[in-house]
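Student: Each protein sequence line maps, in turn, to chains A and B.
The letter at position 31 of the first sequence is residue 31 when you use my numbering, and the numbering goes up by one with no holes.
The letter at position 336 of the second sequence is residue 1336 when you use my numbering, and the numbering goes up by one with no holes.
Since the hints were made in silico from the structure, they are not lab data.
Values in this document were obtained by computation on a predicted structure and should not be read as measured data.
Some hints could be false.
Label pairs and their in silico Cβ distance ranges [stated by the list, open to error]:
| no. | chain 1 | residue 1 | chain 2 | residue 2 | range |
| --- | --- | --- | --- | --- | --- |
| 1 | A | 52 | B | 1276 | 36 to 46 Å |
| 2 | A | 16 | B | 1108 | 41 to 51 Å |
| 3 | A | 47 | B | 1056 | 31 to 41 Å |
| 4 | B | 1112 | A | 11 | 52 to 62 Å |
| 5 | A | 48 | B | 1276 | 37 to 47 Å |
| 6 | A | 54 | B | 1115 | 18 to 28 Å |
Calculated lysine-lysine pairs in the DSS-like style (CA-CA distance at most 27 Å, straight line) [unchecked claim]:
| no. | chain 1 | residue 1 | chain 2 | residue 2 |
| --- | --- | --- | --- | --- |
| 7 | B | 1370 | A | 7 |
| 8 | B | 1370 | A | 30 |
| 9 | A | 8 | B | 1153 |
Virtual Cβ for every residue (Gly too), placed ideally from N, Cα, C.
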Amino acid sequence: MIIEKVKKINNSEGEFINHYLVNDKYNVPKDEANRDYQSILAWVADGNTIQEAD
Amino acid sequence: MALSKIDVANMLTGATPVANGGTALTSGFQNGVDPRPSTVPIIQNGDMAVSQRATSVTGITDDGYKLCDRWYEYLSSLGTYTFAQEAQTSGNAFNNGFRKAFRIDCTTADASPGASDEFWWGIKLEGQDLQLIKKGTSNAQKLTLAFWVKSNKTGVGQVNFRDTDNSRMCSGTYTISSANTWEHKIINIAADTTGAFTNDNAESLQIQWYLDSGSNYEGGATPTAWEADSAGDRNASGNLNIGDNTANDWSITGIQLEVGEFTSSTLPPFQHESFGDNLARCQRYFETTFEVGTAIGASTSTGIIRSGGNQGGRTSGRMGHGFTYPVPKRSAPTVVFYDNSGNSGALARLDQGSSTASNKNATLAGGSQKSFEVTSTGDSTADCLNYHFTADAEL
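The shape of chain B in the complex, shown without the other chains (with noise of 0.2 Å):
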């Protein structure tokens, strides 16, 4: 779009420069500026555009990594769940930018959860790719968090920020004003200058939005500076009791955390990434072999390994073969193994490619960050060996 008018007063000011005399640009950059001071959005997968594990589960009832990468749920006794990786094609969300949300179905309802019982989604974070925030020194930053929330009930969520280096909390709440409408959520963190984080690849900080909880998170107050963590402050104002009916749904998407304080008007625009380079963001904590969209664990050979074959020929004794990841781990990754059939902790032999023996004894001889050997030990006739894997380094 060619200009018809260039501000060349503003821009010599330093003033935000108006083109064609319209509005001037009111997010966080100052002159051009960008103010964030990491080139890379702190938070990894916030836009849920990747989702290795799978594009939809049913029957969640505890915790774990189980749709989108690097987004936890801790869920304990608290009904049951729907997870699905949604694809949005119209709404506040879509029109922003956003293609794909993680959307919470109930699908088992607990109107009464025990004292203890707790459900919270979120993301745990290294503390090495913390240190910009300098937390525990007279420079700490506050911190803003932006995102996109939908739901069928409207309320109070609080959202808690877990220094669990140091035991502390501070947290902040949202209101959803309408039902079933994306609206777009700003909480501002105040900048704690006590209890460093650890500079290691350590989790350092949990970001947790509670969905539901029994009395035990309850009863206590938000805290809006930091604290010794207090069980009782940590849903003290969420009143969106998403498992209290089987017609509850959350849903969230275009999550960012920036260092500073920003509204709504002054909010850097989201920073998205091409997919390939989220996907190896993401893959630092989790890799599969298994193509996007499939189970893993499913009977499938796409995307399977094949061994380049035995030096030696056809054999019926031990063969081995190493894989370089394609992104270094987190740490030494949790690895299994499966075959073409779905077996886990088993590969294939086969032979002359063609014949294809299943569920055979798979054997890690060694693992890294970088690396692992899997080994066959002797058993029927082959030249190479096929297997899927999937290899978890997360938090």
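With the rest of the complex left out, here is chain A (with noise of 0.2 Å):
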């Protein structure tokens, strides 16, 4: 997966439920056994940055 942006998903409360959407299309939970998981964290050791939720 080449990552272009990722942003947090919220709950209707506004609560974080763990999980991440890449690219307007991937829902990636925040699981290091998840392989998409780990290509996050290599995309924000590149210096990325994960937005906020809507």
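Quick one: dock chain against chain with the hints and give me the complex.
Tutor: Structural data, given as structure tokens:
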């Protein structure tokens, strides 16, 4: 997956649900066992920033 | 078939009984006992029967899980390929019960790969499924890998077992002797008393069939004993170079991994599973509502989920739907939603079962190894939701 943007996902109460929306398509869990979350961690380590939820 | 003669003498002594005076069973079974320490194959989908994502993919230039379930390819700047789940109708693999194979065709060649370019195909396995090997202990077991392979090219291919918990590797080679002919290959892998596999759901072992590479992965020696991972050893003996010509192809099926050391005459038979059992084991890693043979993200309502309707009646407000996976995933998966028109990140709001408003926002409200909930924020009047999904928990 080539990551272009990452945004937190909140529930209707505004609480973070431990998932991120990547490229407006992929719902990625905050779980180090998930290979896409590993990609997010690498993307952040490269200096990129996760956006807050809408 | 009735037996005209029962070899009681051999049965009583523990020797292999011979039926009708014919050929004795020469597989790894001894005295009728299956030598395997597990009841199901260690490797999933070794017969390539399950291919949920696609049955053919063109223009492949990067890595990923593209075709038959569980089988991964790493490709870095070394040509372009078509992958196909190829039906078998004749040949040695077919004659041994294999009806599908994973076929790779080179469509854009790269005969002079850069030093760091590589192309390998293989599988990644969970550590908790490999504890029976007893790696890293004084009781560590040898392994035997067997498979059917075919290519237009003759030559030597290298297969690596890479312990990703402890950065170790051990390898073997196979020789394709006759072009365009299915050949059965067996590779024995040494036991390793160093470096235990972590007992969890993360990746511990990669099995890699190297198909081509640049100089960074050549120049060393193929390690037939376990050693510290060494890039220069990974394709030290391989000379298939599948990427060097658009005439090249490479196919494989019937892959089995056995605990213990076997030869062609003692290898236990391939453990064929029912399609349903095979699919369920694959769904631990990947699942989709798109039908087999339908591209992910296609415009179709076949297989689509229709939520049970809004208990409050029609609404233009928020609606949600929960889904429980038929097979719990390895870990919480990455989920993608699609509507009936092929839009990703979207679903359709359905009104009275007739009026369908597509391309409406699909928002995950929660997800785990076992289930998810998707919601649709306020929009067009509807009484239920329509959506496809993929759930990916591959290693």
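Student: Please go over all the hints and tell whether each is borne out by the structure.
Tutor: Tested hints:
1. Checked against the hint of 36 to 46 Å, the C-beta distance between residue 52(A) and residue 1276(B) comes to roughly 44 Å, which is consistent with it.
2. For the pair residue 16(A) and residue 1108(B), the beta carbons lie near 44 Å from each other, so the given range of 41 to 51 Å is met.
3. The given range of 31 to 41 Å is respected by residue 47(A) and residue 1056(B), whose C-beta atoms sit roughly 39 Å from each other.
4. Checked against the hint of 52 to 62 Å, the C-beta distance between residue 1112(B) and residue 11(A) comes to roughly 53 Å, which is consistent with it.
5. Checked against the hint of 37 to 47 Å, the pair residue 48(A) and residue 1276(B) passes, with Cβ atoms roughly 43 Å apart.
6. As the Cβ distance of residue 54(A) to residue 1115(B) is approximately 45 Å, the hint placing it in 18 to 28 Å is violated.
7. Distance check on the hinted pair: residue 1370(B) and residue 7(A) sit about 23 Å apart at the alpha-carbon level, within 27 Å; holds.
8. For the given pair, residue 1370(B) sits about 15 Å from residue 30(A) by alpha-carbon distance, which is consistent with the 27 Å threshold.
9. Annotation: proposed proximity of residue 8(A) to residue 1153(B) is violated, straight-line Cα distance about 49 Å (limit 27 Å).
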